[in-house]
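Student: Could you put together the complete structure from these sequences and hints?
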Amino acid sequence: MFSQLWGSMTEEFKPTWEDVAHSHGRKIYNFAYRLTGNPDDAADLVQEVLLRVRKGLPSYQPGSFDGWLWRITRNAFLDGVRKKQRRPESALPEGDHTMLGSSPSPDEVLASVRLSDDVQGALLKLPYEFREAVVLCDVVGLTYDEISEAADVPVGTVRSRIHRGRKMLREMLTWPV
Amino acid sequence: MARLIPGYEERGELFSAYLDGELTRDEVALVGEILDGDEGAIAEFHAIREIRAKVRLLPELEVPAALLPDGHLGDRLSAYLDGELVTMEYRRVTRHLVDCPECRAELAELDRARIAVRSLPGVDTGMTGEIPVLAVLPDRRRRRGLVVGGIAATAAAAVLVLGVTLGGGDAPVYSLDDLAARHVARASAEPASSVLPAMIEVSAP
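Chains A and B, in that order, give the protein sequences. First residue of the first sequence? That's 1 in the numbering used here, and the numbers climb one at a time after it. First residue of the second sequence? That's 1001 in the numbering used here, and the numbers climb one at a time after it.
You can trust all of the hints, since none of them are fake.
Among chain A residues calculated to face chain B with C-beta under 8 Å, some are: (1) Gln120; (2) Cys137; (3) Arg166.
These aren't lab readings, by the way, just hints derived from the structure by calculation. None of the values given here were measured: they were computed from a predicted structure. Backbone N, C-alpha and C fix where the C-beta goes; we use that ideal spot for every residue, glycine too.
Tutor: What follows is the structure, encoded as structure tokens:
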């Protein structure tokens, strides 16, 4: 994988922020979208992370690139949440909110789309630490070690959060027979 | 009753880590032992596998192209100039403009074109109210007349745009605050007044 390659790279082969944007932009966007259900927040996060990557790359020491990047991503996400809590918005921002878990009329949405909505809706109901662990594992595709580094918690905690998150999802979702 | 597994809160946690490929060889063997003949454990294993698959099958969304380094703003530039972007989108566009000289140059050109079109003198038809000829023309002729008029207006605008583009100087440097202030000014400005100084100089024909 690209990032694994970077992990063993020397200083002169450090990626540029444009490389990071192209290799990880989509993952960062999906991470934020699955955590928030909101395309505007997801787009904001991508921009913020890329700015931080650009600032941080000169001092980045080649090592676990994913760990470094996802720690930045997670911190940027949490900073954004804190900002919003300090200055709550009165209404949802403009944009496509069809993935928020609303209940669309039966004739307009296919079963597969409803399934995605249900899963997305259930994800949004998970407490943050469980949602984050499940999304980083199942949506982003990080290993437990990488999640541990990004979230700054022991691997055992990651393992427990992922399992408990999945268990809560299972309890929340009722599937049509 | 579920057996106790050292290091794990419950067997489901072991199954979950097994599905994620996070177990040692010994732990994998342990999973095999637990599942052997225990229907309750097998059902739990399948349930975890099913929910894991459902999350993993969520569609992967495309990141909006304008967020990536060579993605540009396209038709959002005109909306930006016209003060038609909502807050979140406006902020993203402004940020992109700070970092993207190509979009800034395109914005400047669009602004020149916009001002040039808005600066066109009004035509005195010598008539008041409805234009009677259009009212009696058959639909097809009326449409053709409108198309010809549209082409003429577009051509006039294109000449003006070319003129100002060729006369353009060095691209100015913007800051986020600078762009934000100009955007606000743009949204409230009278038609044909420039909020991108040092770039636009439309001389009267």
